[in-house]
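Visitor: Take these sequences, add in the hints, and give me the full structure.
If you count by my numbering, then the sequence shown holds residues 34 to 172, one letter each, in order.
Derived from the structure by calculation, the hints contain no laboratory data.
Incorrect hints may have been included.
[As the list claims (entries may be wrong)] Beta-carbon label-pair distances, calculated as ranges:
1) 54 <-> 130: 16 to 24 Å
2) 100 <-> 134: 16 to 24 Å
3) 49 <-> 71: 17 to 25 Å
4) 72 <-> 144: 18 to 26 Å
5) 130 <-> 154: 15 to 23 Å
6) 150 <-> 43: 34 to 42 Å
7) 151 <-> 127: 17 to 25 Å
8) 34 <-> 81: 20 to 28 Å
9) 106 <-> 49: 26 to 34 Å
10) 128 <-> 43: 15 to 23 Å
11) 63 <-> 165: 18 to 26 Å
Positions of the beta carbon are idealized from the N, C-alpha and C atoms, including for glycine.
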Amino acid sequence: MAYETNVKVRFCETDALGHISNISYFIYLEEARTDFFIDLGFGADLEDWKVIMASAKCDFVRQGYYNQKLKVVSEVLKLGRSSFTIVHRIEDAENGELIANGEASAVYFDFKEQKSEKIPDHLRSVLEKHLVKETIANE
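Guide: Below is the structure:
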């Protein structure tokens, strides 16, 4: 099951060539990812935030432009003991054309102890519902 976030490209997110600046895609992916985490039940309280990013990447497929309506589709690609990988597709919201693909690896993390933790069972079960594949990867 995929999670969807809608984004509208603002003028300040474009570059001198008139298309979406490459850094702006990472902002869209972060917005989609944090909304996804909150919707899954990870919470929004920064005092008790439990997710740290290990890596993020974005492949630019087509140019996007100012005022374009985008849809970011997010799913879980891999699920380990304390980490998981989210994949994103950024599409034109009106015609479905693929604009970019993103991927981010996250770790369930105890900031006080500065170490990873096992993903709790209740969060693991909601992540599993969003898996792209039926098999769960081992760490």
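Visitor: Each hint needs a verdict: does it hold in this structure or not?
Guide: To see whether the hints hold, each was checked on the structure:
1. 54 <-> 130: 16 to 24 Å: At 19 Å between Cβs, range holds.
2. 100 <-> 134: 16 to 24 Å: At roughly 22 Å between Cβ atoms, residue 134 and residue 100 fall inside 16 to 24 Å, so the hint holds.
3. 49 <-> 71: 17 to 25 Å: Once the Cβ atoms are compared, 35 Å apart, the range 17 to 25 Å for residue 71 and residue 49 is violated.
4. 72 <-> 144: 18 to 26 Å: For residue 72 and residue 144 the Cβ distance comes to about 22 Å; the hint holds.
5. 130 <-> 154: 15 to 23 Å: 39 Å, violated
6. 150 <-> 43: 34 to 42 Å: 37 Å, holds
7. 151 <-> 127: 17 to 25 Å: Cβ of residue 151 to Cβ of residue 127: about 42 Å, so the range 17 to 25 Å is violated.
8. 34 <-> 81: 20 to 28 Å: 26 Å, holds
9. 106 <-> 49: 26 to 34 Å: 29 Å, holds
10. 128 <-> 43: 15 to 23 Å: At 20 Å between Cβs, range holds.
11. 63 <-> 165: 18 to 26 Å: Holds - the Cβ-Cβ distance for residue 63 and residue 165, about 20 Å, lies within 18 to 26 Å.
The structure shown violates the earlier hints numbered 3, 5, 7.
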